[in-house]
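Enquirer: Please model the complete structure; the sequences and the hints are all you need to start from.
Protein chains in written order, with my numbering: chain A, 3 to 467; chain B, 98 to 533.
Hints may contain errors.
Unchecked claim - Listing some non-contacts, in silico: residues in chain B with all C-beta distances to chain A over 12 angstroms:
id	residue
1	R100
2	E156
3	P250
4	E257
5	D258
6	I261
7	L263
8	Q403
9	R414
10	G456
To be verified - Below, a sample of chain A positions facing chain B; criterion: calculated Cβ distance under 7 angstroms:
id	residue
11	D87
12	R339
13	E431
Claimed, not checked - Below, in silico cross-link-like pairs of lysine to aspartate or glutamate (DMTMM-like), each with a Cα-Cα straight-line distance of 20 angstroms or less:
id	chain 1	residue 1	chain 2	residue 2
14	B	K262	A	D342
15	B	K308	B	D163
16	B	K262	A	E298
17	A	K55	A	D100
18	B	K245	A	D100
19	A	K404	A	D342
20	B	K439	B	E244
21	A	K142	A	E33
22	B	K245	A	E421
23	A	K364	B	E244
24	B	K245	A	E65
25	B	K495	B	E386
26	A	K404	B	E244
27	B	K245	A	D87
28	B	K123	B	D136
29	A	K55	A	E320
30	A	K63	A	D372
31	B	K262	A	E431
32	B	K245	A	D406
33	B	K245	A	E367
34	A	K232	A	D342
35	A	K63	A	E33
36	B	K324	B	D509
37	B	K479	B	D509
38	B	K245	A	E298
I should point out that these hints are in silico values taken from the structure, not numbers from a laboratory. Glycine included, every Cβ here is placed at the ideal spot set by N, Cα and C.
If you want the building blocks of each chain, they are given just below.
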Amino acid sequence: MAETLTTRLLILGGGPGGYVAAIRAGQLGIETVLVEGDRLGGTCLIRGCIPSKALIHVASKFEGMAEAAHGAADGISLKSAPSLDLAKTVAWKEGVVDKLNGGVAALLKRAKTRVIAGWGTFSDAKTCHVETKDGPVTIKAETVILAAGSVATALPHIPFGGDVISSTEALSLDRLPKRLAVIGAGYIGLELGSAFRKFGCEVTVVEALDRILPLYDAPLTKPVKAWLEKAGVTLHLSSKAVAWADGELVVDQGGEILRIPADKLLVTVGRRPNTEGWGLETMGLDMAGPFVKVNERMQTAMSGVYAIGDLVGEPMLEHKAAAQAHVAVEVIAGQNRSFDPATIAAVCFTEPEIVSAGLLPKEAEAAGHDPVSAVFPFQANGRALSMEAGDNGGFVRVVARKSDHRVVGLQAVGAHVSELSGEFAMSIEMGARLEDLAGTIHVHPTLTEAVHEAALRALGHAIHI
Amino acid sequence: MGRFVFKLPDLGEGTAEAEIVAWHVKVGDVVAEDAPLVDMLTDKATVEMTSPVAGKLVEVNGAAGDMAAVGSAIAVFEVEGAGNAAAAPAAAAPPPPAAHAPVPDVSETAEPAAPPPPPPTMAPPAPKAPAREPPAARAFPARAEGEKPLASPAVRRRAEDLGIKLGHVAGTGPAGRITHEDLDGFIASGGRAAAPGSSGLARRTAVEEVKVIGMRRAIARQMQESKRRIPHFAYVEEIDMTELEALRVHLNATKRADQPKLTLLPFLMRALVRVLPDYPQINARFDDEAGVVHRHAGVHVGIATQTANGLIVPVVRHAESLDVWAAAAEVARVAEIARSGKGSKEELSGSTITITSLGPLGGVVTTPVINHPEVAIIGPNKIVDRPVVRDGQIAVRKMMNLSSSFDHRVVDGYDAAEFIQRVKAMLEHPATLFMD
Numbered sequence: 003m004a005e006t007l008t009t010r011l012l013i014l015g016g017g018p019g020g021y022v023a024a025i026r027a028g029q030l031g032i033e034t035v036l037v038e039g040d041r042l043g044g045t046c047l048i049r050g051c052i053p054s055k056a057l058i059h060v061a062s063k064f065e066g067m068a069e070a071a072h073g074a075a076d077g078i079s080l081k082s083a084p085s086l087d088l089a090k091t092v093a094w095k096e097g098v099v100d101k102l103n104g105g106v107a108a109l110l111k112r113a114k115t116r117v118i119a120g121w122g123t124f125s126d127a128k129t130c131h132v133e134t135k136d137g138p139v140t141i142k143a144e145t146v147i148l149a150a151g152s153v154a155t156a157l158p159h160i161p162f163g164g165d166v167i168s169s170t171e172a173l174s175l176d177r178l179p180k181r182l183a184v185i186g187a188g189y190i191g192l193e194l195g196s197a198f199r200k201f202g203c204e205v206t207v208v209e210a211l212d213r214i215l216p217l218y219d220a221p222l223t224k225p226v227k228a229w230l231e232k233a234g235v236t237l238h239l240s241s242k243a244v245a246w247a248d249g250e251l252v253v254d255q256g257g258e259i260l261r262i263p264a265d266k267l268l269v270t271v272g273r274r275p276n277t278e279g280w281g282l283e284t285m286g287l288d289m290a291g292p293f294v295k296v297n298e299r300m301q302t303a304m305s306g307v308y309a310i311g312d313l314v315g316e317p318m319l320e321h322k323a324a325a326q327a328h329v330a331v332e333v334i335a336g337q338n339r340s341f342d343p344a345t346i347a348a349v350c351f352t353e354p355e356i357v358s359a360g361l362l363p364k365e366a367e368a369a370g371h372d373p374v375s376a377v378f379p380f381q382a383n384g385r386a387l388s389m390e391a392g393d394n395g396g397f398v399r400v401v402a403r404k405s406d407h408r409v410v411g412l413q414a415v416g417a418h419v420s421e422l423s424g425e426f427a428m429s430i431e432m433g434a435r436l437e438d439l440a441g442t443i444h445v446h447p448t449l450t451e452a453v454h455e456a457a458l459r460a461l462g463h464a465i466h467i
Numbered sequence: 098m099g100r101f102v103f104k105l106p107d108l109g110e111g112t113a114e115a116e117i118v119a120w121h122v123k124v125g126d127v128v129a130e131d132a133p134l135v136d137m138l139t140d141k142a143t144v145e146m147t148s149p150v151a152g153k154l155v156e157v158n159g160a161a162g163d164m165a166a167v168g169s170a171i172a173v174f175e176v177e178g179a180g181n182a183a184a185a186p187a188a189a190a191p192p193p194p195a196a197h198a199p200v201p202d203v204s205e206t207a208e209p210a211a212p213p214p215p216p217p218t219m220a221p222p223a224p225k226a227p228a229r230e231p232p233a234a235r236a237f238p239a240r241a242e243g244e245k246p247l248a249s250p251a252v253r254r255r256a257e258d259l260g261i262k263l264g265h266v267a268g269t270g271p272a273g274r275i276t277h278e279d280l281d282g283f284i285a286s287g288g289r290a291a292a293p294g295s296s297g298l299a300r301r302t303a304v305e306e307v308k309v310i311g312m313r314r315a316i317a318r319q320m321q322e323s324k325r326r327i328p329h330f331a332y333v334e335e336i337d338m339t340e341l342e343a344l345r346v347h348l349n350a351t352k353r354a355d356q357p358k359l360t361l362l363p364f365l366m367r368a369l370v371r372v373l374p375d376y377p378q379i380n381a382r383f384d385d386e387a388g389v390v391h392r393h394a395g396v397h398v399g400i401a402t403q404t405a406n407g408l409i410v411p412v413v414r415h416a417e418s419l420d421v422w423a424a425a426a427e428v429a430r431v432a433e434i435a436r437s438g439k440g441s442k443e444e445l446s447g448s449t450i451t452i453t454s455l456g457p458l459g460g461v462v463t464t465p466v467i468n469h470p471e472v473a474i475i476g477p478n479k480i481v482d483r484p485v486v487r488d489g490q491i492a493v494r495k496m497m498n499l500s501s502s503f504d505h506r507v508v509d510g511y512d513a514a515e516f517i518q519r520v521k522a523m524l525e526h527p528a529t530l531f532m533d
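Expert: If you want it as structure tokens, here you go:
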């Protein structure tokens, strides 16, 4: 039975951009319909951040037990090596995902959002047709928020399918591949590659650039590179994946051809905005490269149509999409809002973790800040040592302007440093100076003491170094 | 150490109370004898009270705008020696005539005051702290061109809610951070603290509360009284000033060095004093409470004068006894007195008719407000070259409108019109100003 709905606000996509927008709209009393073709939660919850972190957690646990089987330095020993039932691991991970998916559904229900399950296709900027299991539904909306997210980029000469998988499939394998080849040494490739290495797979990473994690500078990536080497991950930099044939990845290494046999080939060469298959071309929007063009109020070229998240540009991060969702909905509600953050911190769950907020020293220099930067190593941090995380080369780094000591960047690499991201982002958003960080009493014994010490060091009087 | 209570002395003219305009000192100040203490406003004159003693000011009673009764303690000093000299307050000013009933018996000031001063009769006892300069007015580290303003997320959100672009707001916090106080200052300044070089337009949302006190209060009261009591009617006539202007220019060109420069005013005054004897109901003061019109033989011309404190109307007395040179000199003198705020009661009251001239700002028409209890006010407008028809030809003449308002209770429209026509005839034929 065909149904036609009219609504004040239609949101396309139930990921962290779309569902946050729907909840905020509910709070503001805006009648909202949300269309999602898959499960609520989007890439992040269903097949991205959360499942990968679950897998990484299990992998680290497994690695610790495997070490204990050889008699670890901390005194734990196991009589035999641990074994892994990946299908069970994946099932447990699915449980986590289900819990979050259900949580989103409950939140949307409480916000009185009408969720329509099915693939939405626009026929014009304000009209969306959805094929639901109960029949077609047509939605006519006064305002629209596009939150269609992004999809994994495929290599044209090595398309997905069979043993060539994207991160989505890698998170749902039913058994471990003996040999895993990874194309791309960005954060997704290295996070997953490292996790599979911890599970005991033979992992080879192929990267076209001459370095890993191109978003970060060499000091930050050095401990990660050191771990990859120590853990036995084979890394081929400045190498181009040419073809996949007969269970072998063909790699061009500056003219020299290399063949890497593998059971699975994980392609992580980036993500692209999801702009196809839902009628974007009928809406009359302007584009900015591959992205939908928006202004700082998240408005597209079409009046009443907003776009947020991965669809509108880098960085493609959950927390950016959610922040833009707030802006878009509040603008729709008539408030004066703009998306203008001082920083969008980013985290990389490699071994060890990397976190960065604001500017790297080189970026600060390029921006004309005349920066001073100071580093405090976790080697000198009691908490890091007490959890066997002091000798991986990790550190905290603060970047500030020489002129007024304003903190313009904060980075760290080390175990669990992702949890420092809040203090980093807060310091930059609040416009903290080195003296503010130095004057804040940081709890002992925690990793955050390294932030305090880095600021003291930048001021010329660190205590523990 | 003793205490010295300063009581408001009699300020003459039968005033029972006066308004505090401004304190020159604050509690805690060490004040020298005869140093300026406080400005008090009576009727229309501002009187500067000086300190009768040298000492430390420990208490003041009443803030700017408050009324203080004659004889009330307005300041208490801590002085060397025995302090509160019994006769001191009385000695500071002569006792008022006994006939002034509302004035408290000053003999009480002669009594030795007990060590604790009398409780203040007015609130608040302390002078208001000087208004704090808005933070935005302070120097701030300038942002480089195009640099993003530094502000916490809460400040940014508030600015967005207020529709203020932070790029226009000066930051006084560490590293030039814009604080909530900076935003307050920006709003209070009406958005004036814009960063140099910025051209964006911001909303001005500030509302400043200005207490109507002192001179302004006196003006407000006077205007209210006038408009409330007097049924005004306005009359405007067009006057050809060509010949009078030619005469005026000639006289100014040939005048002696010791003679004042002639404006239109002395000629207009001359015309008034020539015509008014035939219209005694216009040169008058109407005591409407008593129901009596006082028709004056002498013409005392009020000269509406803009001063830093607002409108004041000093008076040229007996204009009928002054020739144009003397009238010009007297207008200049009383206007200067009004501007300096040093006018005597004699110089600031008693007018029988008022002239209000805005000179080059004169405009086309005004509807002046009668200076109660007078019954007429004359407002010459701007003189401009205008084409007019003369003997069937278009001629360019120096034309001026003469606006006027009358109290319709005691001046009939017919009489007023005739009166203005007579003034017009005089001004258009300047020789008649000087002929008997």
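Enquirer: The structure should be examined with respect to each hint, and the outcome stated for every one.
Expert: Against the structure, the hints:
Taking the minimum C-beta to C-beta distance to chain A, about 48 angstroms, the non-interface status of R100/B holds against the 12 angstroms cut. Listed as outside the interface, E156/B is consistent with that label: its C-beta sits roughly 43 angstroms from the nearest C-beta of chain A, beyond the 12 angstroms cut-off. The non-interface label for P250/B is inconsistent with chain A: the shortest C-beta to C-beta separation is roughly 5 angstroms, within 12 angstroms. At roughly 5 angstroms from the closest C-beta of chain A, the C-beta of E257/B falls inside 12 angstroms, breaking its exclusion from the interface.
A beta-carbon of chain A comes within 12 angstroms of the beta-carbon of D258/B; the shortest separation is about 6 angstroms. The Cβ of I261/B sits about 10 angstroms from the closest Cβ of chain A, inside the 12 angstroms cut-off, so the non-interface label is violated. Distance check for L263/B against chain A: the nearest CB is about 9 angstroms away, which does not clear 12 angstroms, and the non-interface claim fails. Separation of Q403/B from chain A is adequate, the least Cβ-Cβ distance of about 43 angstroms exceeding the 12 angstroms criterion.
For R414/B, the shortest C-beta to C-beta distance to chain A comes to about 63 angstroms, beyond the 12 angstroms cut-off, and the non-interface label holds. Its beta-carbon lying about 47 angstroms from the closest one in chain A, G456/B satisfies the requirement of being farther than 12 angstroms from that chain. Taking 7 angstroms as the C-beta cut-off, the interface hint given for D87/A is violated, the closest approach to chain B being about 46 angstroms. With 7 angstroms as the threshold, the beta carbon of R339/A comes within range of chain B, its nearest partner Cβ sitting at about 6 angstroms, so the hint holds.
Satisfaction of the interface hint for E431/A is found here, the shortest Cβ-Cβ separation to chain B being roughly 5 angstroms, below the 7 angstroms cut-off. Restraint check for K262/B and D342/A: the C-alpha separation of about 12 angstroms stays at or below 20 angstroms, so the hint holds. Only pairs whose Cα atoms come within 20 angstroms are accepted, and K308/B paired with D163/B is accepted, the gap being roughly 11 angstroms. Pair hint K262/B plus E298/A holds up; C-alpha atoms about 14 angstroms apart against a cutoff of 20 angstroms.
As the CA atoms of K55/A and D100/A are separated by approximately 15 angstroms, the hinted pair is consistent with the 20 angstroms bound. Restraint check for K245/B and D100/A: not satisfied, since their Cα atoms lie roughly 42 angstroms apart, outside the 20 angstroms limit. Note on K404/A and D342/A: the hinted pairing is violated, with a Cα-Cα distance of about 25 angstroms set against a maximum of 20 angstroms. Between the alpha carbons of K439/B and E244/B the distance comes to roughly 54 angstroms, so the proposed pair goes past 20 angstroms and is violated.
The suggested pairing of K142/A with E33/A holds, with an alpha-carbon distance near 12 angstroms, which does not exceed 20 angstroms. Between K245/B and E421/A the alpha-carbon distance is near 27 angstroms, which puts this suggested pair outside the 20 angstroms criterion. A C-alpha spacing of about 18 angstroms is found between K364/A and E244/B, which places the hinted pair at or below 20 angstroms, so the restraint holds. Proximity of K245/B to E65/A is assessed by CA-CA distance (about 46 angstroms); at most 20 angstroms being required, the pair is judged violated.
Restraint check: the Cα-Cα separation between K495/B and E386/B comes to about 44 angstroms, which exceeds 20 angstroms; the hinted pair is violated. Between K404/A and E244/B, the direct Cα distance comes to roughly 16 angstroms. Compliance with the 20 angstroms bound is thereby established for this hinted pair. Simply put, K245/B and D87/A have alpha-carbon atoms about 53 angstroms apart, too far for the 20 angstroms limit, and the pair is violated. This hinted pair checks out: K123/B and D136/B have alpha carbons roughly 13 angstroms apart, not beyond 20 angstroms.
In summary, the hint linking K55/A to E320/A is supported, as the alpha carbons are separated by about 14 angstroms, within the 20 angstroms threshold. For the proposed pair K63/A and D372/A, the alpha carbon gap of about 43 angstroms is over 20 angstroms, so the pair is violated. Simply put, K262/B and E431/A have alpha-carbon atoms about 17 angstroms apart, close enough for the 20 angstroms limit, and the pair holds. A distance of roughly 15 angstroms separates the Cα atoms of K245/B and D406/A; the hinted pair therefore holds under the 20 angstroms criterion.
For the given pair, K245/B sits about 16 angstroms from E367/A by alpha-carbon distance, which is consistent with the 20 angstroms threshold. Proximity of K232/A to D342/A is assessed by CA-CA distance (about 41 angstroms); at most 20 angstroms being required, the pair is judged violated. Of the pairs offered as hints, the one joining K63/A and E33/A is violated, with about 46 angstroms between alpha carbons and a cut-off of 20 angstroms exceeded. With a C-alpha separation of about 18 angstroms, the suggested pairing of K324/B with D509/B holds against the 20 angstroms cut-off.
Pair hint K479/B plus D509/B does not hold up; C-alpha atoms about 27 angstroms apart against a cutoff of 20 angstroms. Between K245/B and E298/A, the direct Cα distance comes to roughly 14 angstroms. Compliance with the 20 angstroms bound is thereby established for this hinted pair.
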